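Let chain A serve as the given structure and place chain B on it in line with the hints.
Chains as they are written, first to last, in this note's numbering: chain A, 6 to 442; chain B, 6 to 442.
A pair holds if it fits inside one copy or across any two, identical chains being indistinguishable in the list.
Calculated cross-link-like contacts (lysine-lysine; reagent style DSS-like; alpha-carbon spacing at most 25 Å):
(1) K379 x K126
(2) K243 x K22
(3) K123 x K378
(4) K183 x K379
(5) K287 x K325
(6) K319 x K301
Hints in this document: simulated from the structure, not taken from any laboratory. The structure presented is a predicted model; accordingly, all values stated were derived computationally and were not measured.
2 protein chains.
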Amino acid sequence: MKNGLYHESMTLEEQMKEIAQRGKQASRALTSLSTEQKNQCLLAMADAIDLKKAAIQEENKKDLIAGREMGLSSALLDRLELTENRVASMSQGLREVASLPDPVGRLLDERIRPNGLKLQKVSTPIGVVVIIYESRPNVTADAAGLCLKSGNATILRGGKEAIHSNQIIAKTMVEAAKAVCPEFSLEAIQVVPTTDRKAIPVLLSLSDYIDLCMPRGGEGLIRAVAECSRVPVIKHYKGVCHVYVDRDADLEQAAAIAVNAKTQRPGVCNAIETLLVDDSVKADFIPRVTQMLWDKGVEIRADDAFREALDLSKMNSPGKIEPATQEDWDAEYLDLIIATKVVSGVSEAIDHINRYGSGHSDTVVTTNEQTAKKFMTEVDSAAVYWNASTRFTDGAEFGMGAEIGISTDKIGARGPMGLEELTSYKWLGFGQGQIRP
Amino acid sequence: MKNGLYHESMTLEEQMKEIAQRGKQASRALTSLSTEQKNQCLLAMADAIDLKKAAIQEENKKDLIAGREMGLSSALLDRLELTENRVASMSQGLREVASLPDPVGRLLDERIRPNGLKLQKVSTPIGVVVIIYESRPNVTADAAGLCLKSGNATILRGGKEAIHSNQIIAKTMVEAAKAVCPEFSLEAIQVVPTTDRKAIPVLLSLSDYIDLCMPRGGEGLIRAVAECSRVPVIKHYKGVCHVYVDRDADLEQAAAIAVNAKTQRPGVCNAIETLLVDDSVKADFIPRVTQMLWDKGVEIRADDAFREALDLSKMNSPGKIEPATQEDWDAEYLDLIIATKVVSGVSEAIDHINRYGSGHSDTVVTTNEQTAKKFMTEVDSAAVYWNASTRFTDGAEFGMGAEIGISTDKIGARGPMGLEELTSYKWLGFGQGQIRP
Numbered sequence: 006m007k008n009g010l011y012h013e014s015m016t017l018e019e020q021m022k023e024i025a026q027r028g029k030q031a032s033r034a035l036t037s038l039s040t041e042q043k044n045q046c047l048l049a050m051a052d053a054i055d056l057k058k059a060a061i062q063e064e065n066k067k068d069l070i071a072g073r074e075m076g077l078s079s080a081l082l083d084r085l086e087l088t089e090n091r092v093a094s095m096s097q098g099l100r101e102v103a104s105l106p107d108p109v110g111r112l113l114d115e116r117i118r119p120n121g122l123k124l125q126k127v128s129t130p131i132g133v134v135v136i137i138y139e140s141r142p143n144v145t146a147d148a149a150g151l152c153l154k155s156g157n158a159t160i161l162r163g164g165k166e167a168i169h170s171n172q173i174i175a176k177t178m179v180e181a182a183k184a185v186c187p188e189f190s191l192e193a194i195q196v197v198p199t200t201d202r203k204a205i206p207v208l209l210s211l212s213d214y215i216d217l218c219m220p221r222g223g224e225g226l227i228r229a230v231a232e233c234s235r236v237p238v239i240k241h242y243k244g245v246c247h248v249y250v251d252r253d254a255d256l257e258q259a260a261a262i263a264v265n266a267k268t269q270r271p272g273v274c275n276a277i278e279t280l281l282v283d284d285s286v287k288a289d290f291i292p293r294v295t296q297m298l299w300d301k302g303v304e305i306r307a308d309d310a311f312r313e314a315l316d317l318s319k320m321n322s323p324g325k326i327e328p329a330t331q332e333d334w335d336a337e338y339l340d341l342i343i344a345t346k347v348v349s350g351v352s353e354a355i356d357h358i359n360r361y362g363s364g365h366s367d368t369v370v371t372t373n374e375q376t377a378k379k380f381m382t383e384v385d386s387a388a389v390y391w392n393a394s395t396r397f398t399d400g401a402e403f404g405m406g407a408e409i410g411i412s413t414d415k416i417g418a419r420g421p422m423g424l425e426e427l428t429s430y431k432w433l434g435f436g437q438g439q440i441r442p
Numbered sequence: 006m007k008n009g010l011y012h013e014s015m016t017l018e019e020q021m022k023e024i025a026q027r028g029k030q031a032s033r034a035l036t037s038l039s040t041e042q043k044n045q046c047l048l049a050m051a052d053a054i055d056l057k058k059a060a061i062q063e064e065n066k067k068d069l070i071a072g073r074e075m076g077l078s079s080a081l082l083d084r085l086e087l088t089e090n091r092v093a094s095m096s097q098g099l100r101e102v103a104s105l106p107d108p109v110g111r112l113l114d115e116r117i118r119p120n121g122l123k124l125q126k127v128s129t130p131i132g133v134v135v136i137i138y139e140s141r142p143n144v145t146a147d148a149a150g151l152c153l154k155s156g157n158a159t160i161l162r163g164g165k166e167a168i169h170s171n172q173i174i175a176k177t178m179v180e181a182a183k184a185v186c187p188e189f190s191l192e193a194i195q196v197v198p199t200t201d202r203k204a205i206p207v208l209l210s211l212s213d214y215i216d217l218c219m220p221r222g223g224e225g226l227i228r229a230v231a232e233c234s235r236v237p238v239i240k241h242y243k244g245v246c247h248v249y250v251d252r253d254a255d256l257e258q259a260a261a262i263a264v265n266a267k268t269q270r271p272g273v274c275n276a277i278e279t280l281l282v283d284d285s286v287k288a289d290f291i292p293r294v295t296q297m298l299w300d301k302g303v304e305i306r307a308d309d310a311f312r313e314a315l316d317l318s319k320m321n322s323p324g325k326i327e328p329a330t331q332e333d334w335d336a337e338y339l340d341l342i343i344a345t346k347v348v349s350g351v352s353e354a355i356d357h358i359n360r361y362g363s364g365h366s367d368t369v370v371t372t373n374e375q376t377a378k379k380f381m382t383e384v385d386s387a388a389v390y391w392n393a394s395t396r397f398t399d400g401a402e403f404g405m406g407a408e409i410g411i412s413t414d415k416i417g418a419r420g421p422m423g424l425e426e427l428t429s430y431k432w433l434g435f436g437q438g439q440i441r442p
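Here chain A stands alone, though its shape is the one from the complex (with noise of 0.2 Å):
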């Protein structure tokens, strides 16, 4: 095991112990590093995976023939694979990192009190950071790279097929670290030594060492760590994203705003999945964004009153339309396939959105101010836009600079998370002898 720290004779349990106690030491630690020295770490990270990148890549050859010996989908085997490309990106993530500002100690707040007790209300670490990943290995050091920036340690589960990939990256970074920051403590990023499943139920039962889970990865994997877990977890189960078409819609920003959410890239998260259009605005509308998608090849699965307002004699070159199904409207295809409903108007589309939406990002198309703010008001989601395709609820569009996942939580970071949204606060207290009467 993982440099001899973990003997054969420890019961599980005892391991994931250990892990999670060396993981609060460590975040201790990460507290004291001031800003240029994780950004030495960093940098001296991202220098050793591309010093390192043959032997990076002969352990991620391991785990490429032990995937197809298990018989690994090819879809699943090219996710596992570290390319040139790949390695050259983590490192360049890393420096990316390195460049942003320090997300540690932002004054948030600022009060004095009546009895001269100086409050500020500051930007901190979070601690322990369990991350729970599939087969991308590049992930291991995307978030580990994150967390360091942000003084937490992480606990890095990836997927078992991609074992040995994950851990020369994390004993690349941390050594590279150790050599040019003494203070930097090796179990800043550990990987899970196991691949037993049991570990993680096990590792997310310990909050009194870990303070937060990230699952990423499909529905089911974060659904099963959401249910184990007795720390915070936050998490997206899955993007069922919107746009309304409003009565007082630009009909052609609406077509064009709704292609682009649908097809500019239909695998994403941002991606929507259902096309609400207000009843008054059908006959215009349909055919027109109808006949886009068509040329875009998406299938539709549309209500009768969508449908009936197409002609389908009259279209160009039709394409699939089929009646939608209740499944349609909170389905997730992440594919060339859509779900259109007309609404008697904004409030349907609300309700239709809250009820059957995922919390991620949706779109209402209108001039009418007024009808935006009840959307924006109203509509319970991370991001809600006005006349903008749902693509923008993103890291980087956001100009956060790195991006670890999107949360459609509520307690917590909301939306993209970047550095910022990996800290937490806690209240500094100033005083001159201050005592209660």
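For chain B alone, coordinates are given in the frame of chain A:
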């Protein structure tokens, strides 16, 4: 059962789902109430509580009679009783909440992206908040009022011994609000209508409808809730707070702070339980603080070095002092008892606090800015003070106007929780037709 909406034939699961769904529906309606409407509701609730005082005390009497029959302790019966003063302070609390600024709709961040898309991060209600508490029925009005002002629907689950009191308080509140504001939903404040203990895990499994749970009470209750919950929980288990007297402390100030933090109100979570003394000042400081603690009737549990620094024959009026055991370091006495220990300096003090403390409130007394900075950075607690009593960790003392609890968690709110801490946020994107290229 309450208002005839629950049938005896419904299972516990069906009942809880019904409550949770109604809560979610009510929370949607709350988002469109204006600040003025919310304040109008709060003031009407306050007036109604004053007006219906006799009826509320009548229902409270039922609980008191049943409580005496169940053999509740006199301390519990005292907490349960709604005296004239307590009823008045419920209505007064609601009026105060009405006078505070609306925590929803605050602009937390704003950025305009190169493509012209304007992004605003604004505070929003959390949604549906479950409050689980023990015998004090006044929590019903306090918690529901704070949640209403922050736009959240509440599901209240008080102690079974207070069910009649809790139900009439909630009923009085919602009916008064509905009378002045027809858009107010009666289900914005619900009391769980059954006293069945199994209702709690069932309710807290409904993460599709419930956004947050806040348990308030003893450690046992809070652990049980955290253990079974599938929704995020914000909590604090206990308050094991410390004062550390550094080698560079003003010893007179240090003694005053330690004695205040221990004795000003020993039964609360922000009172200290442990005093740590730097070895270099033990000869001067220990006899002085010991006499002051004894004068206040405090019993001391001291490590060897602390006891050896005392010459009992030279003390004026010796009080109780005993050797500390391992259990003393994480004990929450909530009483006139203090654990004391000599440490080798600020690093050992920080280690001790991070190991045994509860992450609540801790103080360093020193004139050395560098020592203070180290302590404030490295102690991982919600509130860290320099030369001030830990007793200031409190919503009113922090200028929050009202407090629903104190969190020792690091995801979501940390430290005293006022109205702002009962909000989440969302991102609003204002576009002019922007799409992703």
